[in-house]
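Position in the sequence shown (first residue = 1) + 82 = my numbering.
There's no promise every hint is true.
Claimed, not checked - Listed next, the in silico EDC-like pairs over lysine to aspartate or glutamate satisfying Cα-Cα at most 20 Å (straight line):
#1 Lys791 with Glu396
#2 Lys981 with Glu905
#3 Lys727 with Asp711
Simulated from the structure, these hints should not be mistaken for laboratory data.
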Amino acid sequence: MTVEQNVLQQHSQKHQQTLINQLKEVTGTTDIQLLQQALQVSNGDLAEAVAFLTEKNAKVPQQDEPTYYQTSQVANDRYISVGSQADTNVIDLTGDDKDDLQRAIALSLEESSRAFRETGITDEEQAISRVLEASIAENKASLKRTHTEVWSDSPDPHDRKRMDNCPVGLKNVGNTCWFSAVIQSLFNLLEFQRLVLHYSPPARVQDLPRNQKEHRNLPFMQELRNLFSLMVGSKRKYVDPSRAVDILKDAFKSSESQQQDVSEFTHKLLDWLEDAFQMKAEEDREGEKPKNPMVELFYGRFLAVGVLEGKKFENTEMFGQYPLQVNGFKDLHECLEAAMIEGEIESLHSADNSARSGQEHWFTELPPVLTFELSRFEFNQALGRPEKIHNKLEFPSMLYMDRYMDRNRDVTRIKREEIRRLKEHLTLLQQRLERYLSYGSGPKRFPLADVLQYAMEFASSKPVCTSPVEDIDTSAPPGGTTGQQLPQPSTVEQAAAVSPDAPSSAQGPSLAQGSAAALSLAPGSAPQQRAQVHKPFTQSRLPPDLPMHPAPRHVTDEELRVLEGCLHRWRSEVENDTRDLQGSISRIHRTIELMYSDKSMMQVPYRLHAVLVHEGQANAGHYWAYIYDPHQRRWMKYNDVSVTKSTWEELVRDSFGGYRNASAYCLMYINDKKPFLIEEEFDKETGQVLSGLDKLPADLRRFVQEDNKLFDKEMEEWDALQARKAQQEKLALAAAAVAAAAASTAAAAAAASTASGASSNTTSSSSPQPMSIEYSPSDNTVAMQDPDYMEQPSPTTDSKQLQQNMERAISQAAAAQEDTSPETLLNAAIKVEYGRLMHFAEEDVASDNDYRLQHAVVYFILNQAPKKILERTLLTQFADRNLAFDERCKSIMNVARAKLDLIKPEEVNIEEYEMWHQDYRTFRDTTTLLMIGLELFQKSNYVEALMYLIYSYQYNNELVAKGPNRGHDEAFLSHFRRECLLKLNEQAAGMFEAGEDPQVTNGLGIMNELVVPCLPLLLVQDAEKDLLAVEDMRNRWCSYLGQEMEPNLQEKLTDFLPKLLDCSTEIKGFHEPPKVPTYSTLELCERFSQIMATVAKALTEGR
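Modelling step: build the complete structure from the supplied sequences, incorporating the hints.
As structure tokens, this is what we get:
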């Protein structure tokens, strides 16, 4: 059963949204209602819609701020052309020139086509991925932050224990993912790590810092050392950086309300480190020019060569993080080329440079750690706020910097000139090729070779001598075969006149249904047989005389021969020209790519060390880092407390941009010829690699050991607490067992005093437990129980049904058997019952009548359980105490129990038997949770429904991993889990919009306690529908950033958003599963059938 009832509706919305996006690009109109009106008036015709909008533009003011209900559409105009360069062709649409209008439409379509060719992603896919970005606006600078904990620690310290030598994560202590991303990138530079760990403050300032800089930097250095030492030797899975962060935040008081910018923080961090190491260097090298290790590690120099108002100049400048513009460039080399050249560069090399200005940058010294800032933010003058640039930007894992070095200046200039000429030639060839591939003067253009082929197909079609409208029966009802050719009017009239007595049944249906064959009745002849009627939904092929395409009215053989010859020749010429152009373009591309591939230009290799990624927009978002581990030769993803293995493919997906709303913000390369940057430290005496606490100085080693002792103590206290709880539960169970035994003994004694036979009383006083092979008839002190799903709580429900089934099986067996001994009847009855259950198993599993719920054996058969499991389960069923209602059944029950006693452990694997029955119990529990969740969902009680739907999905997911018939339809459960979260998000957002404190608190409580903890469950599967649902929820809340609201609401919103935007798939805190109530099989089947029928009806009506 299909659970997504809105598939067709979504497809229609996507098509409409694509047209709306194209209209936005062409006309600049952002009013959604006006755009929809234009499409409605034009009946979907793009050209007419543009004409309508150009007339309306002066009358309808555009909205400055889109509302949530507008921006929640599946696309957004600002991001439709993601991945393509900014279009500089501006077409004036204010005039009456229709050619301009057609060119504008064609330009929009060409832009969309080019974006698809470059990225392989359609406009619709790009637009959908922009849902989160649609309405995120800059947060106000006056907002105040509170230090709310984003991460909630698990109460079990074992969940927070570091696994082996896994890298240590950093706790997010309130909008500090920027801190984690940068610190982890620097920490994994082992040379930087060593410098920080072995830093010691200058002796003269240990007692009392002399100035404010020392008062701030030295405490920060000590906290950074402590933090690094914990990241080296802690037993914790992640550590708390609060003390270092608090010192840093004091320096950002002016912008405390905003989430910190990575580049700003990195600049501040390097400044502080430089100052701290400078103080130490000045003390260590009195009288000499001190060397600052931070400067030598992160700072380089470049030579600025240029002309200013006709005068040449050369200046040497120092740089740290090198800024690069992203907009308008496709890869890192293009960004670097543009950054190295400013102004009219021709003036630097020409004799007449009196009126020109420009400059080039040439690196004279590159730092060991080369960091590029990717400027992905620009200020939108129209909206008055910064916006993020999502364009795709590729960067290599190995970057050769030779072409930018001053020593290669002359060679690089020659190659740049050659590339410039090649690109000019490439542009001409691409323009020519575009004329072949997009031929025509209207908005719809096609490849010229295809146009010629279409013309040839038209000319070769069978001539039709009638008008295209003469063969249409205007009286035919809608949906009839109106496309079929009717008889000529004169023929029909003649037939009717000549044969007035012809039966109406022979004429009427043929004429009314539009038969393809004309009804031709010669004078005096009998009525002809009715022509075959084409049935479009039952016939796979059309009648041969029904034209598939338009055809020429009249064409002679000579005309056709000449025309076909010309079209064939022209098409061949066009195809050859297209292939030649494509080949030339490919060769030029290849030449440009290989321009710097000679060995002389590959002497300065820089390997990608870390990529800092930002997801979000302007002042709202989340940071994480991808860092390369050279020793394990793999990428690692550092996302706050979560540190996981990754791949280059994942890095590319999240970092290049252009598709999702995440993109690289900072790139850190290291000199590949300086291995000391990432080399491990060795023991000078043993020569072995230092690891863990051995890497630390004595003071830091003691610090980490103390923290580890505290963590060990926390785990010991937790274990002791759990042991006490387990002991208390054990005592409670023992007490319950004693009470049950006493009650069982009393019941057995009472039964013995009234029974006629002690042996029969003994064998019927207890029932065997299906999960156990051994059974002791003489042991009356312990009451053995059936599994939950085989319990019979009421004599009017399951027990009665079981008695009827068993009695029926025994009666059928007795009727078919001559030998009526108990053992023979038992074997025959088991076969009868097995046959009945096999019949159920062979039926299709219906959503509202699931036979698996009626009996465990049906479930086992469908999942191909071993024969021994089925036999023991059926034998246990016939040994049930409820069968002792007459002498024949009682004797069969006794035989079944005796057979159970004879089963040896090696004959039936008890662990496997228990596993199958445990799976069936889990299946029933899953069904119960799903049933209750759906019932609550239908009553709009989404808060209570959520946990039932969440856990039913989780349990079901474990089952279907073993086989598709182990559980329910995964897509069905996923749908309602997703819908429940969306409904809760809608409720919470409505409470927040109300603005009243109780409602706002309740709304944010729903998000923090229910929705946000469940988002990783949707993200971890990476299913498209789940990802879109998460982005839709984020979009709703991010849309509030640009709206006016009370300061307390703004404060609560900015505290909440980082939690919502967190991309981690780690479960940080979750509710306990709801208690699963016990229902009889009959009640469970009836209720489950009812709710599934109700849901199916609702889904059908929803379509």
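- Unmet hints by their number, sorted upward, for this structure: 1
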